[in-house]
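Trainee: Now for the letters of each chain:
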Amino acid sequence: MNPGGILGAAAQTAAVGLGAPGLVGGMRQVRARMEGRAGPGVAQPYRDLRKLLGKQSITPEGTTVVFAAAPAVIAAATLVIAATIPLATTASPLDGAADLLAVVGLLLIGTVSLVLAGLDTGTPFGGMGASRETTIAALVEPTVLLAVFALSIPAGSSNLAVIVADTLRRPSDVLSPAGALAFAAIVVVIIAETGRLPVDNPATHLELTMVHEAMVLEYSGPKLAVIEWGAAMRLTVLLGLLVNLFAPWGVAGRHAGLVGVAAGLAAVAVKVAVAAAALAAGEVYLAKIRLFRVPELLAGSFLLGLLAVTASYFLASPQA
Amino acid sequence: MSPDGRVSRRVAPAGLRSQAADLLGEGYRLALAACHDDGGSLRAVYVFAGGPPSRLVELHVPIEADHPHLPSLAGISFPAGRFEREMHDLFGVVPDDHPLPRRLVRHPNWPAGWYPMRHDAGPPPPFDTTQEPYHFLHIDGPGVYEIPVGPVHAGLIEPGHFRFSVVGETILKLKIRLWFVHRGIEKLFEGRQPADGVALAERISGDTAIGHNLAYTQAAEDALGITVTPGDARLRAMLLELERVYNHITDLGALANDVGYSVLNGHAQHLREQLLRLNRSVTGHRLLRGAIGPGTTHVRQLPDRRELTRLGADMAELAELVLANSTVRDRFARTARLTAAQAGDLGCLGYVARASGVTVDARHDHPTCDLRPEPVVHQTGDVLARFLVRRDEIAASLTLIDEIIESGPGPGPGPAAGSPGAVTAGRLDGARAAPEHRSGSGVGIVEGWRGTIVHRVEITDGAITRHKIVDPSWFNWPALPVALGDTIVPDFPLTNKSFNLSYAGNDL
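Chains C and L supply the protein sequences, listed in that same order.
For the first sequence, the working numbering assigns the number 1 to the initial residue and increments by one for each residue that follows.
For the second sequence, the working numbering assigns the number 321 to the initial residue and increments by one for each residue that follows.
Honestly, the hints are just simulated from the structure, not real lab data.
Fair warning: there could be bad hints in the mix.
Examples of chain C residues toward chain L, derived with CB under 10 Å [claimed, not checked]:
1) Met34
2) Pro124
3) Phe125
4) Ser131
5) Asn201
6) Leu206
7) Thr209
8) Tyr285
9) Leu286
10) Ile289
11) Arg290
Think of the CB as a built atom: it goes at the ideal place given N, C-alpha and C, for glycine as much as any other residue.
With the hints as constraints, model all of the structure from the sequences given.
Mentor: Here is the structure:
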């Protein structure tokens, strides 16, 4: 642990926390412009959050601490991921926890707490959303593990910082067949995990088609604000992880100072913004697939992950 | 309708069932059934329609006021069973041997024994706040659960309660409860002069202003003996098609939106707005209100043909883009199939019936002008077929409008195509000759954009004594749960949009 690491972790956490709503706003704006609409502007999610924070919070009758705590759990778990993973710098004070297994576990904590909150409301929509989310999560998490595992084989470690540093040293790793397969698998997983088209439609008002939105229907006011914020941060850290696993250039090294961390932060911000814009632009051309096709899509992505692991064993250049 | 094409028969209650069975056997369909309070006695009127050529048979059945009973036709006609339940709720006429003698229009909290359509009904008694629960069929079994939705929805939708019995994601049963906003429109017609009913008819269902107004106008003209010039009949047909086009393109966009393909919905909204502006240039109103009435047809100017051609090409391109997306096609194809047998048994109308291979189109079966478009029919009965019927009907409508513009408004005092100024080829004099002495009954049948609309009016001494409205949604609502058998819950909104039934037209 070093001062640069602590600084980097603080900067990453602050950037993700403050920038996530802007990222979502930017994606909506890209989509609106591409569809020929004016759009509400990049800052609209911030205005929404301010509005929600000023409102009364209504707790449905019969709900327990599970419902009350879920927003905080999601936001906290995501903030820990933001502090841990190598976004701006590879020097994390939580280096020991910056393991891909730990990150997947933290992601799952957020998912599970939201699923339990959906069930806790006792409403059919909460249960329906929870059932769908569980189906998706059960297929998503192994795929994330497999894909990152494929990337960890050349580096010889499942520590994310080590993988990123290794990729910086030998960029050819991500251009290998294993890297390409893992990339495809992770992109599908991020789309499913963050509830975007073609798996879920974040803009819909049709209760019966919702996945993520169905679980949070009973939330209101500040709690809803925290959930929305948490979901935005989740998208941000997943995109950050994606860009730094496959294009880590610009990330600050283990002994970088203030300037290095700032430069790393700027680099990752630009990369995430580009990835988000590409994702939003791609969504314009997509329609939502039938719910029963989602497992097919995710099984395909799992297969890609499996092939990536296999390929990294058989095709990767032997360790020197 | 030409009055001479309608046959009226008086039938004793005992003979009703055999007569109705004979008519249904000859290929007639039950188009309308309504009770009438003649002051001291009640009378049920059944209108059977067949065509082409257009044939109408009315059966008038007297009902004893102190023993209001009718033999039920529910065993031989599904729609008849629903008309009978409506008669029971609004007039207190009991259908004997009805298989499902529950309330339909009146919710359980409505006071028992108060029948709002009777002349002596008086003001409504206080409603019961401790209402009995609505009867839903509960399905028990491992993993079966219920999803109640509505009557208040997340979007701008009219009120309706949907209760799904679901196992996993598969719908076992859907029960739809409507009639949350009974407005008493039929009662509001009573006592009005025929010309005063126009504004009311236009507001029965907001998106069907021309459809309902034209059916009302035709019924009133039939009753008053007013004839319409062929030119006026064509202008009215043109307005009807303009209404069909703007509603169908809205639905095409909404169907794309419901599968998350919102870019094309934006495009469809853009086209719809241009069509509404075209409507305003033609009639002075975006929703085509105020253009027609008994004996009158006002058109400010005919639509610009080049504009229509351009919009037609854009709409065709939009439909092509929707179907070019393989995910959209996958969502549409084989989703919520309604078979031809089901559509026929339920008496479905409009694009719902025509997408299931049932050829029913009032423009063809009961023509009011010399131009008769061939009905657009698709066979598969799924969401895709309902999309394709709309797409093809837009093209057919534009062709028909173009023909009408090209031929000019026809004989009469109409100016040349495209010229500004009123095209009024009215026979208003006929209606105003001696309105206080005119009496009669009339039926109007119109193919509105949702399907066949039937109105039947009775006029005594120049004032409406009874007006019955039948919107196609009345026939089509029961088909929605049937089509949803084996469909998954997330496909319901898409299916619902592909039917796009009217709550207001159903709940009068």
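Trainee: State for each hint whether it applies.
Mentor: Comparing the hints with the structure gives:
Against a cut-off of 10 Å between C-beta atoms, the interface hint on C:Met34 holds, since the closest Cβ of chain L lies about 7 Å away. Given hint, C:Pro124 at the interface with chain L, holds; its Cβ is 4 Å from that chain's nearest Cβ, closer than 10 Å. Residue-level restraint check for C:Phe125 holds (minimum Cβ-Cβ distance to chain L is 7 Å; threshold 10 Å). The interface hint given for C:Ser131 holds, since its Cβ lies 8 Å from the closest Cβ of chain L, which is under the 10 Å cut-off.
Hint status for C:Asn201 relative to chain L: holds, with the closest Cβ pair at about 4 Å, below 10 Å. Evaluation of the C:Leu206 hint against chain L yields a held restraint, the C-beta minimum of about 4 Å falling below 10 Å. The restraint placing C:Thr209 at the interface with chain L holds, with a minimum CB-CB distance near 4 Å, inside the 10 Å limit. Because the smallest distance between the Cβ of C:Tyr285 and any Cβ of chain L comes to about 8 Å, under 10 Å, the interface hint for this residue holds.
Given hint, C:Leu286 at the interface with chain L, holds; its Cβ is 7 Å from that chain's nearest Cβ, closer than 10 Å. Given hint, C:Ile289 at the interface with chain L, holds; its Cβ is 5 Å from that chain's nearest Cβ, closer than 10 Å. The criterion of a C-beta within 10 Å of any C-beta in chain L is met by C:Arg290, whose closest approach is roughly 6 Å, and the hint holds.
The earlier numbered hints are all upheld by this structure, with none contradicted.
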